[in-house]
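Trainee: So you can see what is in the structure, the chains are spelled out below.
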Amino acid sequence: MQPFKKHRGLVAPMDRVNVDTDQIVPKQFLKAITREGFGRTLFYDWRYLPGEKPNPEFVLNFPRYKGASVLLARANFGCGSSREHAPWALLDYGFRAIIAPSYADIFYNNCFKNGILPVTLADDQVADLFRRLEQKEGYTLSVDLETQTVTDDSGLNWKFEVDPFRRECLLNGWDDIGLTLRFEDKIADYEKGRNPQAPVFGPLEPPR
Amino acid sequence: MAPQTLYEKIWKAHVVTEEPGKPALIYIDRHLVHEGTSPQAFSGLKAAGRKVRRPDLTFAVMDHSVPTKDRNLPLVDDIAAAQFAALERNCKEAGVRLFDMHDRNQGIVHVIGPDLGVTQPGLTIVCGDSHTSTHGAFGALAFGIGTSEVEHVLATQCLSQFKSKAMEVRVNGRRPRGVTAKDIILAIIGRIGIGGGTGHVIEYAGEAIRELSMEGRMTVCNMSIEAGARAGMVAPDETTFAYMEGRPFVPRGKDFEAAVSAWKRLATDPGAQFDRAVELDAAKIAPQVTWGTNPGMVAEVTGRVPDPGSFKDAVDREAAERALEYMALEPGTLIVDIPLDRVFIGSCTNSRLEDLRLAAGVVEGKHVAKSLKQALVVPGSRRVKAQAESEGLDKIFQSAGFEWRDSGCSMCIGMNADVLPSGERCASTSNRNFEGRQGKGGRTHLVSPMMAAAAAIEGHFVDIRGWNGQRGE
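Quick note, the sequences are listed as chains A and B, same order. Each residue of the first sequence is one higher than the one before, counting from 1 in this note's numbering. Each residue of the second sequence is one higher than the one before, counting from 1001 in this note's numbering.
Accuracy of the hints is not assured; some may be wrong.
Distance condition first, Cα-Cα at most 30 Å in a straight line; then the derived BS3-like pairs of lysine-lysine [as the list claims (entries may be wrong)]:
hint, chain 1, residue 1, chain 2, residue 2
1, B, Lys1022, A, Lys6
2, B, Lys1284, B, Lys1165
3, A, Lys31, B, Lys1373
Among chain A residues calculated to face chain B with C-beta under 10 Å, some are [as the list claims (entries may be wrong)]:
hint, residue
4, Asp20
5, Phe107
6, Asn114
7, Phe165
8, Asp175
9, Leu179
In case anyone wonders, no lab produced these hints; they're calculated from the structure. C-beta atoms are modelled at their ideal positions from N, C-alpha and C, and glycine is treated no differently.
One chain only, chain B, in its complex shape (with noise of 0.2 Å):
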């Protein structure tokens, strides 16, 4: 048999039917559902008088607009409150399990599934928000789908689907200290585009992409959509299996060794074709932050805002200019001088226990500036809050004068009270710099989570590198 990519095994193990010439039906084995983009399918479903198909391979959780203080007082949005209450209702009706935002495993959908160990190499899984490609950290085929969709899947368990290209991102070398792996996505991002990975599904590759933790491979995952890819993978392996061993949801036993023996055929065989291939050596990425309303508008720490001058097509030039005036930024800053309002750490691309402790490790025994209005971090599940605790990492961030909240989204996304203020400038490690992302007006930079915490120490970006946590050097 021909050498096949991962991409195309765990496809080809899904393909319920196909015809030449249409889209394929393949079968979606985990169905992860939030509050957000589900309500309008289930009462769908229900106007067409359809049932859930498999409520068991089904999964959902509150994250997006839950409030990350007082969750134990009575909601103050309404809006929000119908919407939980429809969730609750649904997952009720159609026997769904589902993580309510009082549950101890309750998180972001994307925390809490790998977390949880719903997460499994070599299966689909999908759900209605963009981010799903996390998932594809596992070596499993992951992607955002629209609420029709959502609907299409709890009816039918089914999704119609045209197969994408392939793409692989190969990451050779070894990432200097003080780069981590939203550093390694974010300059991806900047060098494919922010439409670069349209029509594909990346698999990440390399040495750099090898020695990622798990939660380092979900945060280059999950941002695969910012490239516009449709998934992103990495072939599972022994930090793969040593990481899921004894979650609640995978098998144990014989059965773990089973499926070990199992997800090690996944890997994309030697002399296999890709569409599209990408390299990028490790050793020379830097520390990265975003200084537009994209994540592909992306500069070096070392770096300055660019002068909008400088892009040759007409288009982009235009965009720079309007992405420029929104931040207000003028060209030429050192990117080390733009200061900063708040910091916000959290998000499904960095809100893991690794991500926590990395923050933690730079700011202990110092203090946010005086200059920042807040300073926030919100584990992504509640499992991860309760670890980190455990740690003593809440005691560090809170003595350095930052905030520590309940699970959810947060102000990735700013559905809930988290909301980054109008003409505010927010070191963030979320995903998204969009106009008005964080909250009308707000000025968003992704950076890594050391880099967003090296931040708030100094009120301003810092070349985490080079840093030591004395201010003023």
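So that you can see chain A by itself, here it is in the shape it has in the complex (with noise of 0.2 Å):
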């Protein structure tokens, strides 16, 4: 995984609560068996009228945020479906960083796996950046996980939280799986301490 640990980058608007997963990639993308190509999938039933032309309508068509790497959104978002495919698309269409008051926890795990930061912000604060977005062309943020701070060039400055964990592992590009196989030993003891013969089949041990 790629490291996270600090972007500046053109900010894009996503001005709706509750955008689910089925949004950011629809159902007919879910048969590729690789995670490459997905940019092109991203919004896709917003983003395209018939034909893939670009619908001049939908905001990440207009010309101001081409190249738009922070995405600004509203409450609950990447709900619905634990699709990985939403994140895969985000990235390879280019966004690196999510700000947002709050997201469903499958999208919000599956963007740390994906390395990108999904940075939780207050209500009142994210609806000042959507004002300043709309107020200023071409305007620009830097998230910067080392620091935990969202930054402009007007001399915003606004802290944000994320767990100590999580950070540490986007900051690094660490392997999750290479971390848990540290665990390997734990894990042969976990399953010798119970039903060794037979798990799928035998009888069940009680809980400890």
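Put the two chains together into one complex, using the hints given.
Mentor: Below, the structure is given as structure tokens:
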């Protein structure tokens, strides 16, 4: 996984609450067997007219947001389906960070597995960012995971909270599976401790 | 020891190792796999030179993109065919049991797990699918995961997890006739909102939950994710054990008795603390119909499509406006006046034998409205299909003008040929009414199987409680 330390980029707005992962990547693209090329499928049904012509009314197709890499979103972003295709598509399109008041659990988790930083800010801060973004074309934000700050060029400087362990993993781009396999002995001990013969067919041990 | 919740007991029993300030490593007892979210996990595993640690605890099935008719003919969808081939190859190489689309046990992953007895109380169960919460109906800790986590479980049989908060949703009293598990869960989501359960594991309790069959409890737990919850659970009881006994993967004889006595200790201890508690009165729940583009946008069947102006919050108001525009509905329209193009009875929410029996009971001796373009019944599994056929339900549906299909996810997600055409309106027993969920531009109304069945006969929604099947009343 590519690490995330600090990112500065053009901000694009997604001014809707409860954006579900069916919108982020529609189902027809879940039949792929690789992780590549999902950028084209991002917000597909909103983004394109028939024949895959860009829909000029969709916000990411506005010329001023071309090349955006920070997505400003509303509450409960990424709700619904667990599809990791959603962060794959965001990343492949070019988004490295998301800023929203809240996220759905599975989506939030999936972002950290893919080098995307989902920043959580308070409702009024996010509302403020939407205003700044509307007022200034080319509005750019820096998101710094080391200092846990969001800053802009006109002096805005906000702290954000993130779980320290998730932060460390993302800063280092650690391989999750590698981290877990360091506990191989403990996993093996756990497996020996209960139901070693036939875990599928046999009786279960009572909960401890 | 301090009183514990069902969730805490299962959590503690599965901690492999933990350090303060870090997520715990928890052991996963059953890993369910389907074609849609697993190919990249198997490829990742292979690329890293890793193996599937516990193929014996891993169960795979084809469900999301399988055709529901002409399954014996070659597939017309090449991309789906490649995904099925990948699953078959991956399972073969790893020694994972696969229920392919021709297997008599094939079906929707969340239908076959419980039906075969793979799902058991006290277990941790994961799947790369958000509706894994379904299995919590048995008093298991079951939740959906992303593909990176699928790979993680394949490699280690563990997951790194933060403990969630615990929420109790207590549904007191008895539900009225015509009100089902689906109406209960839609009413709950309507109350707490689609983000209301975020960060929590919900335990459903109370008389109305206890009185539900296992099928009903699965419907309730299934839609926990639609409230944003990590998982939903119901403590196992005699209803659970009676359902389980004799199923293929359930222990037998003395082993079963030993298991039951252990499972009985899982229930939340009296006095255990929840981080949040919500109570509902079942007697006050009416049949529910969604009007918008998420499951929280829901009304009673006797109600009307709301006026966006009635929402206090500006963000909610805008969301309602956008939803009504997508749904092509006018504020103030009576729910029962909404005309339908199609009806879909199926999905991991409502495609089990009880659902089909209830729907068949409604349509028996009647016929779907002429205005309807399609009425579809898709059993959740081939076992359910066979059982339903042995009871003659297929004949009842077919005589009433329904199509009777082979099992799969079908029009809940529209990854196969069963797609809701753009601009059409569907009464669906599935779980999501998101934009384009059943097909781009399609308009979904979520309802119970009985409500869907009656709507098929009338061509519009009706209040099942007062409906006698005489058209035009």
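Trainee: Each hint: holds or not?
Mentor: Evaluation of the provided hints:
1. Lys1022/B x Lys6/A: holds (23 Å)
2. Lys1284/B x Lys1165/B: holds (28 Å)
3. Lys31/A x Lys1373/B: holds (28 Å)
4. Asp20: Given a least distance of 5 Å, the restraint on Asp20/A holds.
5. Phe107: holds (8 Å)
6. Asn114: holds (7 Å)
7. Phe165: holds (5 Å)
8. Asp175: holds (8 Å)
9. Leu179: holds (7 Å)
Hint check: no violations occur; every hint is consistent with the structure.
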